[in-house]
Amino acid sequence: MSSGLFINNLTLEFAHGEGRAAAVNRCDLTIRPKEIVGLVGESGSGKSLTALACLGLTPPNCRVSGSVRVDGDQIIGTSEAKLAALRGRKIAMIFQNPMTALNPYFTIGSQMDGVIRQHFSLNRSEARSEAVAALQQAGLTESALSRYPHQMSGGQLQRAMIAMAIACKPDVLIADEPTTALDVTVQARILSLLRTLADQGMGILLITHDLGVVAQVADRAAVMYSGSIVESGDLKQVFSAAAHPYTVGLMQSSPVMGMGRRKLLAIPGVVPDFRNRLAGCAFRDRCTQAQEVCSAGATPRTSVAAGHEVHCHFPIGQALGAQLT
Amino acid sequence: MLSYFSRRLAMMGLIVLGVATFTFVLSRALPSSPVEMMLGSKPSADQIQRAKEELGLDRPVVEQLGRYFFQLAQGRFGTSMRTGQPVIKEIGQRLSATAELVTLSLFLAVVLGLPLGILAAAKRNRWADHLTRVLAVSGVAVPVFFLGILLQMVFYGWLGWLPLQGRIDSNVMLDHPVPVATGFLLIDSLMDGNTAAFKSALTHLALPTITLLLASLATILRATRNLMIDVLATDYIRTARAYGANRRKTYFLLALKPTLVPLLTIIGLTYGFMLGGSVITEVLFDWPGIGAFVVESVVTNDFPAVLGVTLVISTLYLSINLIIDMLYFFLDPRISN
Amino acid sequence: MPSSTTSHLVPWLARYIAWSRRNIFAAACATGFGLIVLMALLAPFLGLADPTQIDFSSKLLRPSSTHWFGTDGLGRDIFSGVVYGARVSLLVAIGVVTIAASIGIPIGLVAGYAGGWIDTTLMRISDVFLAFPPLLLPITLAALLGPGLLNAMCAVAISWFPWYARIVRSTVLTVRSDLYVQSARAIGTNPSSIALRHVLPNSLSPVVVQASLDFGFAILTTASLSFIGMGAVPPTVEWGLMVASSRSVFLEYWWTAMFPGLAIFLTVFFANVVVDGVRDSLDPKLGRQP
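Listed in order, the protein sequences are those of chains L, R and U.
Quick note, my numbering runs 4 ahead of the 1-based positions in the first sequence.
Quick note, my numbering runs 77 ahead of the 1-based positions in the second sequence.
Quick note, my numbering runs 2 ahead of the 1-based positions in the third sequence.
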């Protein structure tokens, strides 16, 4: 049994008019222990839904197909009871807005106690020690146990969430935009905490729209556009040898520190709503090199280099991003 | 927090004074003169004038008001012109009857409405939910007096299971008198081991309680359902699920407190409404409570009684609202810390 | 942007119709309500018996083909009483809400605009009104004003105006701090035109909500007042009064209480469902499931 998170052919569909529309379209992604995979995409690309699917938490009107395996356990189609045993324990998730993600009516300690004793048969004081250990690892002190969420700052709350995740000792952690709601300085510390966790053995799926975040901590990167993964591979590879026009466009439109003066080029057009997606390659109406063949059928998966794949008819060969590394 | 509390209390005192002034002015404007009532048949002009002087009714209104406040401060609510009894004594006797009815109704409304509301939230948009919605709208739409009459028709007229009116069978009261302890017949008769009185009190309580409880049940049910649905959709419940909270029980443990705290305001409001709604019920069921007392006093222009009872009821109503607000302080961590 | 009533009306109507199509129950209730309104409007033209006609020879007759709902203790035809009572009740509802709003809205405007001690005084006075549990104040006021349906309506309306005052006042306070009003003031637009063009349309929505909620309550409250003898008096035909006059006989002659009571229930029920629908479709999010 191999360890990690294995997403295969994941498709998430919603009812639309007479038929269905796929918000996430046949995604493949693998996260192994000790690595951080950054999943990059704009809002509306389907990345958060993908994360929810990995825990079986998609909304009831969403039809899920494909396979999501955590270590050996299948998530899709499994009963709620079995999923409850897996959630937190094997795969945990931290959410974007820490201010609303914790119950305001209970103390941090009480919430952690509930979660820890859900998965481990410990008594109160044993659970408390576990909680304290996890809090310390996340950079908080024991005093956090008796505090209510409204008494803590955003950064502290995010750490508390991470502590909750740590305490369950999962193999995989999904972090959905963990730093978006936080200050830049706090951001750096949270990211370095994630790095430490990965080094200690966790596999982390880091979801973000911010290329800079990915560049700081990820080992591998995957780029998502309108429900599909358009490019994935080793971080340096993807950044220095971006092969998909969208990835290139993203790089060119992102300001990066230390780059010196550079004109930011926006990608013309807007991200389509998944219900109005075009047939063929979803990006083709914004792509500078789209041709006839792009509008028909599925885009082929090409291997640009070892572990570096792109879904495009015309992958870009230039080393455009060399300046970014 | 203490300063907030004392400010609210002071405010409440001010409003009560306002209520007293308001009702006092109103009562002086009531159509028929209380003097005529007191003096009975065809009094002479002299008699009327003397009575007015005695009662102080010929003084300017402001002076009368001042005198009234002075009396109030001494705890004297005056004497009922209808019964000749001190108003405060009348109110005391009648209050416990209403309190028993209203407390029982509210208790049942919560005990039934809360679980049903949670059920409706859990089975959202399925037939159970729609049913509770219809029940909720019906509960509010049914006129209290019509519901009472329907119940009387069915349970007394047709089935003969329950008595028509009154608080207790007068024969039972004569043969098995109940010593007054709490003023609640149910409790007092139990404490006395008086099964005949208990049974009679219970059967007499049944119909008025059901009548009074329907509207509140409907409100509490629907409010619980809506609040619970909102809570279930929050981020923090999603987090709980993400960490393995599965069984509905855990949901309802984690989701219950966030639901109950705002629900408390609604329950408090309901208690207040019942104080008012009991008027109709008491008139219909000949229940010796303050609601009926209000109507009796108003109809006979018994203004000391009207003043007294209005003050008492309003103060109660305001106090309940204040208590609910205070409770929030203790229950919602975001406010108390 | 300042809201204009007409620019809201058409899309709202479309949303309401779309919503009704999806929700059969609500549509049925809307139809029911429409029928009651129709019945009330057409009452004099339906060739019904005079509901106030006393005829001891036909008292307490069971429902039959001549008297669809039977007759009451004074021989009056109950069916025509119910139909004519619809006119009364609907008028009462409209009247109470109109009067309450007419008193409350100007007071709210004044309180919100004037601020300072005028505002505080007006708000304390409204606090006194709100310190009474429902029904208590209407009863006292109705006793003061004397018997009669109009007096009862005024009693209820006067008890309720503080709600409208508060709604309007809070809208005024919100709108005053809105940027577009501040800019209007900066250019020197005079306050009353600001009130008319900005405040009133914005407070229209919550006032309409309150009014629609009060519609059913107005009917219930005045019927309750009539029931305890402080509202309508004969020869006025009013449902609450009809139930009150049945009190001595209803146990044996069920129809004397049943039909007028049912009439009140159904009218308020339909009205509340319709109102729920109006509120749901006024909500631009349409997120909450009906």
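Just so you know, not all the hints are guaranteed correct.
To be verified - Partial pick of chain R residues on the chain U-facing surface, computed with a CB cut under 7 Å: (1) F82; (2) G90; (3) I92; (4) G95; (5) V96; (6) L212; (7) A218; (8) V219; (9) F222; (10) F350; (11) L352; (12) V356; (13) V360; (14) V375; (15) L388; (16) S391.
These are calculated hints, taken from the structure and not from any lab test.
Built from N, CA and C at the ideal position, the CB exists for glycine as well.
Hints and how they fare:
no. : hint : verdict
1   : F82  : 18 Å, violated
2   : G90  : 12 Å, violated
3   : I92  : 5 Å, holds
4   : G95  : 4 Å, holds
5   : V96  : 5 Å, holds
6   : L212 : 11 Å, violated
7   : A218 : 4 Å, holds
8   : V219 : 5 Å, holds
9   : F222 : 5 Å, holds
10  : F350 : 6 Å, holds
11  : L352 : 4 Å, holds
12  : V356 : 5 Å, holds
13  : V360 : 5 Å, holds
14  : V375 : 4 Å, holds
15  : L388 : 10 Å, violated
16  : S391 : 5 Å, holds
Checked against the numbered hints above, the structure breaks hints 1, 2, 6, 15 and satisfies the rest.
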